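2 protein chains.
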Amino acid sequence: MPEAKLWIWGGTALVPGAPNGRLEDAAIGIADGKIVSIGKRSEVTPAPGARKIDTTGCLVTPGFVNGHTHTGMSLLRGLADDLPLDTWLREVIFPTEQKWGSPDFVYWGTLLACAEMIRGGITTFNDMYYFEERAAQAANEAGMRMVAGQSLTEESDIDGTGKDLTGSFDRFRESVGDFPLVTASVAPHAIYSVSRENWKALIEYSAKTQTRIHFHLCETRWEVQDCQKKYGKTPVAFFEELGLWEQPVTAAHAVCLTPEDIQILGKHRVGISHNPESNFKLATEIAPVVELRRAGARVALGTDSTASNNNLDLFGEADVAAKMQAFKYGAGALKAQDVFSMLTREGALALGLEETGVLEVGKQADIIAIDVTAPHAVPIYNPYSHIVYGAGARDVKHSVVNGQVLMENRTLLTLDEQEIVREAAHWARRISP
Amino acid sequence: MPEAKLWIWGGTALVPGAPNGRLEDAAIGIADGKIVSIGKRSEVTPAPGARKIDTTGCLVTPGFVNGHTHTGMSLLRGLADDLPLDTWLREVIFPTEQKWGSPDFVYWGTLLACAEMIRGGITTFNDMYYFEERAAQAANEAGMRMVAGQSLTEESDIDGTGKDLTGSFDRFRESVGDFPLVTASVAPHAIYSVSRENWKALIEYSAKTQTRIHFHLCETRWEVQDCQKKYGKTPVAFFEELGLWEQPVTAAHAVCLTPEDIQILGKHRVGISHNPESNFKLATEIAPVVELRRAGARVALGTDSTASNNNLDLFGEADVAAKMQAFKYGAGALKAQDVFSMLTREGALALGLEETGVLEVGKQADIIAIDVTAPHAVPIYNPYSHIVYGAGARDVKHSVVNGQVLMENRTLLTLDEQEIVREAAHWARRISP
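First to last, the sequence lines map onto chains R and L. Quick note: the first sequence uses my numbering, first residue 5, plus one each step. Quick note: the second sequence uses my numbering, first residue 5, plus one each step.
Excised from the complex, chain R in its bound form (with noise of 0.2 angstroms):
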């Protein structure tokens, strides 16, 4: 192992393995991106000249993996709220698009969001949206983990990957080829809006690729009806007949299913974001997450967007799931720890991402420092039901994603913050009804 450049520095970190899975005075040290040491903090001496980050009075824990989200449309955050998913996708969301959309909106929009992420501890995204490579050029200028998802909706095809589907996908995939954070996804953004024919074609561009596809899956129960009208099956099943499971795929939302659906996911291990706060809030139905999880789905928890969500706080979502589960399947159906498993390394899996979301030595040091030390977190008899129940994004303190630091002590070091807020605030003058 080469020496840690960068250390972890104190507070409890939270390791598999450990009793309780919590190490006291951590020590983690990071060299090259990866972790390279976990012990006690007592019984290491960084090498002179190594770079410490405090986390005294924090929980170290892998850094949040965002399981679905569509950064570029930052700018439109809560521009229009308290209506159904139809009337505000059709008449608020797509008219604007159209309007608005453009790269440098994809580009400004995508570091806002990712300004936001690293203050509230997501360290991974797996983003869809249009002139998707801009939003992967913020992200890297961020140091951020992404998979890019460039997305194609027929009927409001603003960047054009419509004419030209594969030459689309092949030039998206070699303009993000050199950020060495980012993967790049297909992302047909859904079974209504991407006809049997592209589909077709996009399975088969990924299982030529071994591109990941991520798109909406059964979001709505009209969607599920508009399909058996259309295909005589569920979504689900008409997908297992195009051989869309055997691809490496993240579905988001996967609200409206069967029992034969969810053990298809589930025989598939399909990776699933749940984006339980965006599926409430457009009023849709409770997933089955506890159901998927049992049938083999790997599930990670998503914001969805601003503009149906108002922020991306994956502490939020976390509270949310254990509670919407709760509620679904009876106190306890998903504890704290399942969903703190959620957020980090069953959620990087669902992603394809098998090297980060785990605090475990040969790993990416993808790691954050949540501080404990303020009224709202004491007392603490348990950490990861402080995380999920308790705490919030600005309790965040440390970022560190691929062994670079974002944050310290609430300070972003990637980015110009200032410009971004202005630069925002810029636009939404301008978008603004």
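Derived from the structure by calculation, the hints contain no laboratory data. A few of these clues could be false.
Since copy identity is lost for identical chains, a pair holds within one copy or between any two.
What the hints assert, rightly or not - Keeping only pairs whose Cα atoms sit at most 20 angstroms apart, straight-line, the calculated SDA-like set for lysine to any residue is: (1) 103 - 385; (2) 339 - 96; (3) 339 - 93; (4) 332 - 87; (5) 339 - 91; (6) 332 - 91; (7) 332 - 289; (8) 332 - 225; (9) 339 - 88.
Being a predicted model, the structure only gives us computed values, none of them experimental.
Fit chain L to the supplied structure of chain R, relying on the hints for placement.
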């Protein structure tokens, strides 16, 4: 009007009657605990020596009202999670309270709660617990506005209130009489934990002394069924017969109601505290808030205790409340502006406090400033929507109660926060199972 000694200086104030409910570049003058002027900063000249709180970059709003909590339980934050209500109460909470509950336990727990609540924008809270005079003492030291409810649970009568009912309440009322911002209430736990005779005695006591009654109503399906079995009617009908609804009442939860129950509560304009996260986590049902408000009830939002809900964050409650009602009644059923009203003016009225909860000349100066310069607050197309769906407790920058500054630039001015956190951690080490 007396000349203002304190100014809330700058920012966007949410003021009824202003265009879109917003006053930009606001200046709010305060004297003798009250708001004495509201206008634009450019149009007033503060007297020499007047103190200014710089609220540029903030939304300025009435302080939030916490409609239902048990602050004395704060030392049990997250002691046991993911359990059904009955198991949680009888196997964990009651025995722990029996062992540890004491006047000092309540005092330190409430100080901890006050520190957290001030930091989260809460200026008024409706409390219910044992040894409540010590909770009132803590609130008085913190400078918070409080309705203090001395509790009675017959099977767990820790402080002996049940042994001499009216005498205990007389002594309690006298003991908090010197705290200018504290109003005393009587707080029988629930229909199933207080006998019919004691309910009758308490209602009589309330009628005689005009003391508000604060209790848990229809929190679970079990409670309703148990009442049906014992008394042959719903709790709401049972209490109607006893004349409870003629008295000043704040009923917490009000989840499992019949249409007739809703009409009764509405007709009497009963104050309700809706506690969505607590209901959700304990896997009860979704309260019919939309119908209750339509029928005429006044509905506050409450956090419940940190033992069930882990934090005292009304931003989280607001977010979940809006989404829960959307889920029950359809998107937009409870709009962000309605939720904001429940957080402030309607919340105050639900507690019988006519003089707070709104930025209006002559009203009590209970005011907070919410920072909106961080990335997650940009853009803001609608401030109500941002407060309900986007903001978090740590965004609150300043807090004023009754004209006294309790927090300036995130620093608490009335409490020794470090001492409180230290004491709380000390208690936790002893309590820890």
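Hint check results:
no. : hint      : in the structure
1   : 103 - 385 : between (51 angstroms within a copy, 17 angstroms between copies)
2   : 339 - 96  : between (37 angstroms within a copy, 17 angstroms between copies)
3   : 339 - 93  : between (34 angstroms within a copy, 18 angstroms between copies)
4   : 332 - 87  : between (24 angstroms within a copy, 14 angstroms between copies)
5   : 339 - 91  : between (35 angstroms within a copy, 16 angstroms between copies)
6   : 332 - 91  : between (27 angstroms within a copy, 18 angstroms between copies)
7   : 332 - 289 : both (10 angstroms within a copy, 10 angstroms between copies)
8   : 332 - 225 : both (17 angstroms within a copy, 15 angstroms between copies)
9   : 339 - 88  : between (30 angstroms within a copy, 12 angstroms between copies)
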